[in-house]
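Count the sequence shown with my numbering and you get residues 2 to 548, in order.
Hints were generated in silico from the structure; no laboratory data involved.
Some hints could be false.
[Unchecked claim] Here are the simulated distance ranges between beta carbons:
| no. | residue 1 | residue 2 | range |
| --- | --- | --- | --- |
| 1 | PRO84 | ARG30 | 48 to 56 Å |
| 2 | ARG425 | PRO158 | 25 to 33 Å |
| 3 | ASP471 | ALA288 | 26 to 34 Å |
| 4 | ARG30 | ARG251 | 36 to 44 Å |
| 5 | VAL432 | ARG161 | 16 to 24 Å |
Cβ coordinates follow ideal geometry from the N, Cα and C atoms, glycine included.
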Amino acid sequence: MNSRSMLGRRDGAGRPGRDRHAEMIAPPRGRNRFTGDAPAVAVVGGGIAGLAAATVLAERGARVTLYEREEVLGGRVAGWPVPLADGSRATMTRGFHAFFRQYYNLRGLLRRVDAGLGMLTGLPDYPLQHVDGRSERFARVPKTPPWNALGFVALSPSFRWRDLSRMNPAAAGPLLDVRVPQIYERLDAVDAARFLTATGFPDAARHLAFEVFSRSFFADPERLSAAELALMFHIYFLGSAEGLLFDVVRDPFPQALWDPLGSYLDGLGVRVRPGTPVQQVRPLGGAGVEIVGEGAADRCDAVILALDVDGLRGVVARSPGLGDQQWRARVQRLRTAPPFLVSRLWLDRPPRPDRPAFLATSGFGTLDNVSLPDRWEGEAARWAARTGGSIVELHAYALPVTCDRRAEQDRLLAQLHRVYPETRRARIVDVRHLWREDCPLFAPGGYWDRPTVATPHPYVMLAGDLVRTDLPVALMERAATSGFLAANALLARWGVRGETLWTVPRAGRSRLLRTLAALVAPGGFDVVDAVQPGNRPVARSRQRRSA
């Protein structure tokens, strides 16, 4: 049975979550592992995608070397020690990450070191707060579609039954039956802001739900593909029965995740080389690949490039023999999202005890969320218990490139004081501000131009959340999935069976919602992006685009 025929197979046993409609993606059949002289594979990048690829390859017996330019593993989910003003040490990270129950493949990677996922703990709710006092909570919303949609409307203060009659059903129809990759044919040319205007979503619900979710992609709705927004709605809401609640790590990322996984890889014989950036990749025809670092070159049989946007563009630019002209141009057209800011404050007193451990915000200037890691993370909780203080973390996404960073840091603190006024009285024991601009931008019209796992070279693969997978995955789960897919592609060439993957359904999982989508948008019409204020959108027939 080939990989195409296995792609849609479902297996009733050993499901990764509660959703009985989750789809299994089986790899091509082959040997369980290498016998005899196994190939040598270089994995460049020690983030989630690179770790996933290295894990599967090493488990199958390949000789793996993992190159990471930083001194620590984890990529954009890494952590590192920092000294505090009170003489103690803490772990600084790039900030809060939600491990949703839909992240089947990421959670499968983590099960390598703890089958019960004891390193994760669930938060009781996912609250959203608007500056005008409106709020949403999801703990009481049912998990299974379509009951979650009905429950949301019944419980929501910002989306009422009467709002349904004011919406444009033809425009909103694609949200009811998201299909991958067809949703990109329908909506990728439209930005998320114009799409939401076309649908007629009430402003309150739009700000409290869609724009909060949009900015989790580190971009304002005006710069985000509407197809990505629709896909997110599918993954986390109408396409999955896992619900919107999520898990967080019980300890900082290195201690909870990457140190144990690094030890696991070491036990499999993986050579982990932190602090080792790769400068060039030289395909050697049918004789393998050469990895060129600072003053040294290593030869291997294959390579997986699991890099961020700037890292991949840099390696490709410095590797004139890598790929053909068209592929190299696609890589260079990749763009990063606007910069974001993470401010972590160590305070001498805690916020009120009834404050949620995590709060998403809207309308508070540039503040996107507030988290209180000492409510769930062991290291932070021990510091808070010892000092009587608290740790507060603030996120601001999609900031202007030209912004005054010091002013933005001060403004973020002022916004915290608006959300939690009691923090005005707190003294800041220490603070760390982290600025980054390295997340991929999923701009309108860019999906079909994104590079895929495969490259023009049969033994050079790509991985990372910048890669097009044609599967309903996002954020950390997209990174893990792409890493497994890259490893599977190499293993298939060597006749070795790869990793079994799982995703939320690749089409609307609710028959009722699929039927409703067909009724409100008969004939498979799509909303065009030429929507003028006050006008209702028109429709046009779908035009398939070549990948």
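Item to complete: For PRO84 and ARG30, compare the CB-CB distance with the range 48 to 56 Å and indicate the outcome.
Response: 53 Å, holds
Worksheet entry | Status of the given 36 to 44 Å range, CB of ARG251 versus CB of ARG30 | 38 Å, holds
Practice prompt. Evaluate the given range 26 to 34 Å for the C-beta pair formed by ASP471 and ALA288.
Written response: 32 Å, holds
Item to complete: For the range 16 to 24 Å, tell me whether the beta carbons of VAL432 and ARG161 fit it or not.
Response: 41 Å, violated
Item to complete: May I ask you to test the hint 25 to 33 Å on the CB atoms belonging to ARG425 and PRO158?
Response: Once the Cβ atoms are compared, 27 Å apart, the range 25 to 33 Å for PRO158 and ARG425 holds.
In this structure, only the earlier hint numbered 5 is contradicted, and the remaining ones agree with it.
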